[in-house]
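*Asks:* Each chain, written out:
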Amino acid sequence: MSFAQLIGDWHALAVLFIAGVVPNQIWRMLGLWFGGGIDEGSELLVWVRAVATAILAGVIAQIVVEPPGALASVPDVLRYGAVGVGLIVFLLTRRSIFAGVVTGEVFMLAGKWWLG
Amino acid sequence: MALPPLDSPQWQSPWRAFAWGLRSITQTILTVVLFVTYLGIGALAHDTHFSLLWALCSTLFVWAGPAQIILITTLGSGATIIQSAIAVTVSAIRLFPMVVSVLPLMRTPTTKRRELIFAAHLTAVTLWVECHRFLPQVPRERRIAFVHGLGCGLVSVCLTANTVGYFLAANLTQTLGAAILLLTPLSFLFSTARNSREVADVVALTLGILLYPLAAKMNSGLDILVSGVVAGTIAYGVHWWREVRA
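In order, the protein sequence lines correspond to chains A and B. For the first sequence, the working numbering gives the first residue as 35, with consecutive numbering after it. For the second sequence, the working numbering gives the first residue as 649, with consecutive numbering after it.
If you're looking for bench data, these hints aren't it; they were derived computationally from the structure. No residue lacks a Cβ here, since even glycine has one placed at the ideal position from N, Cα and C. All the given hints hold, so there is nothing to weed out.
Footprint (simulated), chain B over chain A, 3 or more residues, beta carbon under 8 Å:
(1) 82-93
(2) 100-114
(3) 118-129
(4) 136-149
Residues from chain B that face chain A, not an exhaustive set, calculated with beta carbons under 7 Å:
(5) A733
(6) V736
(7) A740
(8) I741
(9) P745
(10) V748
(11) T823
(12) A827
(13) L829
(14) S835
(15) F836
(16) T840
(17) A848
(18) I872
(19) G876
If you anchor each label on the Cβ, the simulated ranges turn out as follows:
(20) D110/A to F766/B: 40 to 48 Å
(21) V812/B to L64/A: 29 to 37 Å
(22) L701/B to L125/A: 40 to 48 Å
(23) V140/A to L807/B: 24 to 32 Å
(24) G115/A to G724/B: 22 to 30 Å
(25) E763/B to V140/A: 40 to 48 Å
(26) L807/B to Y114/A: 29 to 37 Å
(27) L64/A to L701/B: 24 to 32 Å
(28) V850/B to L149/A: 32 to 40 Å
(29) Q660/B to D43/A: 43 to 51 Å
(30) V140/A to V892/B: 40 to 48 Å
(31) S656/B to L149/A: 52 to 60 Å
With these hints in hand, go ahead and build the complete structure from the sequences.
*Replies:* Given below as structure tokens:
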């Protein structure tokens, strides 16, 4: 791999800014502009936080339901199963993120190995 | 490692607070999750024929895992710049309410908006989750410095992971690649669930997941926004109803 390959071309970097950085960053800056005046204990903030949590939940669901890249090679039942089994262990271990993530991953890998 | 008590002289210097933030990355399993996720993003960038510099710039300037994965996979599969930009911006809508809800935790009455720009940039799921956990243990006037330290630490971990992943890419099997991509939904779900103290948080998380497949059926391109606002508003309704009854 040459040095030039590691740098790439300027066209690709321009695409990164137009398609990636600006569409992503605009929401943070809107949040900064809008959030400047909100009080920490206000009811509006309770609603905003609930919407943030629910949108994040949607992002989680989207990755599992319409998987990107290599994850698409994993059958539906294994993806849903990994989240379900991971969630059960997470709750049984008094909310251990580590236990939940490891269980979900092991379930998916074991299932893939078992299915061949 | 425990943070010093709120009245400790340790907090007098903003640089000390920055250093405590930096060191706090060792206090969360999410740092490991981020490392592996960004290893995957580095490998994905390599396999999709993006340069290492490109991958590092995406981490520095986008700083949101799902948006970076979406950007790389859509561009790699031949989508136009406009199509990629729309997919990225829909996934990024969550950053708006996140920034709105996290900034009041670090603001003092004299804080100027420009002092919060970098903290707003650093805000993503991990920082959002960890701010709610760590900031009550940090004196208010040192919170911005602490968050800068925490964020810079996490970004450095991810830049390192990108580089390692980029060079390892040729050795990653499809199964390993799938396991890395599965980390994002698992860690997002459990870290958010751990932070859900009120019933409204649990309702927002559960309904947000259940409503997404329904909203996706409408095929509007704004599925996540629709399911998120509906589920979040119902969750707020539950919160309001409980307050009224109490």
